[in-house]
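Protein sequences appear in the order of chains A and B. Residues in the first sequence are numbered from 1 upward in steps of one, following full-length UniProt numbering. Residues in the second sequence are numbered from 1 upward in steps of one, following full-length UniProt numbering.
One or more hints might be untrue.
All copies of an identical chain are treated as equivalent in the list; a pair is satisfied when it fits inside any one copy or across any two copies.
Result set (DSS-like, lysine-lysine): computed pairs, CA atoms no more than 30 Å apart in a straight line [claimed, not checked]:
# : residue 1 : residue 2
1 : LYS286    : LYS258
2 : LYS286    : LYS5
3 : LYS233    : LYS409
4 : LYS286    : LYS233
Hints were generated in silico from the structure; no laboratory data involved.
Number of protein chains: 2
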Amino acid sequence: MTQTKRYNAFYAQSGGVTAVINASACGVIETCRRHSDRIQTLYAGRNGIIGALTEELIDTSQESSEAIAALRHTPGGAFGSCRYKLKSIDTHRAQYERLIEVFKAHDIRYFFYNGGGDSADTCLKISQLSERMGYPLQAIHVAKTIDNDLPLTDNSPGFGSVAKYVAVSTREAALDVASMCSTSTKVFILEVMGRHAGWIAAAAGLAGEGEEQPPHLVLLPEVAFDRAKVMAKIKQTVERCGYCVIVASEGVRDAEGKFLADTGLVDAFGHSQLGGVAPVLAGMVKEELGYKYHWAVADYLQRAARHIASQVDVDQAYAVGVRAVECALEGKNAVMPAIRRVSDAPYAWELFDAPLEEIANREKMMPAEYLREDGFGISEAGRRYFTALIAGEAYPPYENGLPKVAELKRALVAPKLPPFSI
Amino acid sequence: MTQTKRYNAFYAQSGGVTAVINASACGVIETCRRHSDRIQTLYAGRNGIIGALTEELIDTSQESSEAIAALRHTPGGAFGSCRYKLKSIDTHRAQYERLIEVFKAHDIRYFFYNGGGDSADTCLKISQLSERMGYPLQAIHVAKTIDNDLPLTDNSPGFGSVAKYVAVSTREAALDVASMCSTSTKVFILEVMGRHAGWIAAAAGLAGEGEEQPPHLVLLPEVAFDRAKVMAKIKQTVERCGYCVIVASEGVRDAEGKFLADTGLVDAFGHSQLGGVAPVLAGMVKEELGYKYHWAVADYLQRAARHIASQVDVDQAYAVGVRAVECALEGKNAVMPAIRRVSDAPYAWELFDAPLEEIANREKMMPAEYLREDGFGISEAGRRYFTALIAGEAYPPYENGLPKVAELKRALVAPKLPPFSI
Chain A
1 MTQTKRYNAF YAQSGGVTAV INASACGVIE TCRRHSDRIQ TLYAGRNGII
51 GALTEELIDT SQESSEAIAA LRHTPGGAFG SCRYKLKSID THRAQYERLI
101 EVFKAHDIRY FFYNGGGDSA DTCLKISQLS ERMGYPLQAI HVAKTIDNDL
151 PLTDNSPGFG SVAKYVAVST REAALDVASM CSTSTKVFIL EVMGRHAGWI
201 AAAAGLAGEG EEQPPHLVLL PEVAFDRAKV MAKIKQTVER CGYCVIVASE
251 GVRDAEGKFL ADTGLVDAFG HSQLGGVAPV LAGMVKEELG YKYHWAVADY
301 LQRAARHIAS QVDVDQAYAV GVRAVECALE GKNAVMPAIR RVSDAPYAWE
351 LFDAPLEEIA NREKMMPAEY LREDGFGISE AGRRYFTALI AGEAYPPYEN
401 GLPKVAELKR ALVAPKLPPF SI
Chain B
1 MTQTKRYNAF YAQSGGVTAV INASACGVIE TCRRHSDRIQ TLYAGRNGII
51 GALTEELIDT SQESSEAIAA LRHTPGGAFG SCRYKLKSID THRAQYERLI
101 EVFKAHDIRY FFYNGGGDSA DTCLKISQLS ERMGYPLQAI HVAKTIDNDL
151 PLTDNSPGFG SVAKYVAVST REAALDVASM CSTSTKVFIL EVMGRHAGWI
201 AAAAGLAGEG EEQPPHLVLL PEVAFDRAKV MAKIKQTVER CGYCVIVASE
251 GVRDAEGKFL ADTGLVDAFG HSQLGGVAPV LAGMVKEELG YKYHWAVADY
301 LQRAARHIAS QVDVDQAYAV GVRAVECALE GKNAVMPAIR RVSDAPYAWE
351 LFDAPLEEIA NREKMMPAEY LREDGFGISE AGRRYFTALI AGEAYPPYEN
401 GLPKVAELKR ALVAPKLPPF SI
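Chain A extracted, bound-state conformation (with noise of 0.2 Å):
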């Protein structure tokens, strides 16, 4: 009978993280584990691909299997994230090199990484490391992104739970400038994340079904901002509504590419004052129309918002973990398990393996075809597509109040090479 040799694995966190990129670590982390006959230990990159570059590799075998099952729900990214990108290969070869002696030095022959599109692009060049540069290396990419842009994928993780995050807040928001405003605030806006891609902000939309009910203007990066017809629209919306909810794209800007949040505000001293396109549309919003306006602003909130996260969502970031060490124990290469649709209601989808080649560094952009004609709000299409990924909904477990989040120990591995300075 032969023994299959057995080796190391790599996982780490990249880019921007979300409410469930632990679920997809805690795929990977279980998987390995359930195939200990060909993989022996699983390292997390400490603060992603820095953490191998710089050799600082967190023995994950050290984790007890209750803390690794919490990562299922704990947000934020529990090995440490970066915005880091390597170079190419061919000028900069010093940085490959160091990865493969950090790889040799700890028999690691698997490589997950955790990311959107920049990522991609990083995950594919270490894929190619393998036939540029002789080592042995399999490096399967694990998708996630907020933002929604991966190509070839019919959805990312980590983007069903800010939709359901911002559609939920969106829904109890209007309600209560609803109740207010016969008195009090006419409009409210919600700014949301999106710089490219008004994903997000279309998903705002599910809280209301048609025109009259919030939002009632949605303000995407794909339909340049027309400041006459905005303020139109919300002024017919407080004169037929009562009040007007407004959600927001951080990435509005106007025909000529500007954005809005670069508005030329000055702070007393004269410096640019710092973005936040809710503040400068509530500006125009006074100086035209003079209602009373609240804006919020959600950041981090939204991206971060385990405690109303979808359940698709975790389902998915936990399942494209699991794919991901399967393929690697499949021979494959420089692939990113995706997300097929297959029936809309009731929602179905399975996984497949896509090529990094045809996902790095291309962005996919929201269908046209997802919004209304009057680019204030989404289509039926788009709510057939953004309804089926906010399903279910996936609470992490208490106590005293609060979230409970996973306790790691984050122990180093040893080094057993010279330091590198990135």
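Using the hints, position chain B against chain A.
Just chain B now, with coordinates in the frame of chain A:
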């Protein structure tokens, strides 16, 4: 056998709404229905006391018991709220005469007003109608405010849920920041409500324990903002922990009482820029420390967040509604069911009837002993106080991934009087 004559009742919502004000409405309405031998119909004022003045009375008997039950998990003010304060009986007798006309026309003898401190003043004035103007009416106040500043009661219904939302959101966002801080955002600022008192920001202190855990700084109106001290503390925290999470009340002010949000920001046209203590703090961080920052403004999201309401809060909001009706049936006038804390852990509470005269127009400030000595966090006494109020998750039911809310007919009773303009 004598038959007691049945009278009608009036209920209205007043001031800023909360995630649980409708739970109080539910308590009032269900209890009136249980006492149909004494109370015939409960009318709800459309948009608070304004509905009484304009004779816009919603006939709650038209609503199904399912719709009324659903109020328990519906945020906002289901019948409309208002910011409208009755003037003195001495100077504005006509308004009170109108109220009496409306009450007489609709045989209303019980008056329930659901609001905070300002509204308690209105309720107190109404309670004097009987003695001052000879119309037999009993007025009972139903406590509600996210500001937690009502006197006599240990806490105000509405506060526990916003406290829970803020503590949960702070814990979640802090995990996000912690995981990215090596290469990205180092300072995160969450702005929460609280113009006069820091109850809400202080509750965010529950998210961590001690100075090493986020939130690292809680900034309150009660502690004069000292820019040099705050910046030094942020710098120390980033150097020690790698990142710094700050929760700031909108009402943070300096030693001269000047609000930080009024910092002289002007837009490109020279108009003064619109509030937001978070962007102002972010500007200081950028200018003095140069750290990458992010900021969020929770605004209405926090007081509408029924999806993560505290079970204790929902229970108390419902209970004060129930007790208000019982008070009326017991012949009481000018009282407010208030909460007495019986024990901290396990938390136990009971209701008592507090005299409205000692409540109207008085603000309860946060006790100094709830704060840590450095003023940037909560003490153990504060933790004991707040922890009790955020216990339990009162999840609403969901449909298609979104919380279900009460669907009401809001049928208005035919007016019997000539119009009245306010």
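A quick look at each hint next to the structure:
Taking the shortest Cα distances, LYS286 and LYS258 sit within 30 Å of each other both inside one copy (21 Å) and across copies (23 Å). In the homo-oligomer, the alpha carbons of LYS286 and LYS5 never lie at most 30 Å apart, since the shortest distance is 69 Å inside one protomer and 53 Å across protomers. Taking the closest pair of Cα atoms, LYS233 and LYS409 come within 30 Å of each other only across two copies (28 Å); inside a single copy the shortest separation is 54 Å, beyond that limit. Taking the shortest alpha-carbon separations for LYS286 and LYS233, only the intra-copy value of 15 Å comes in at or below 30 Å, while the best inter-copy value is 36 Å.
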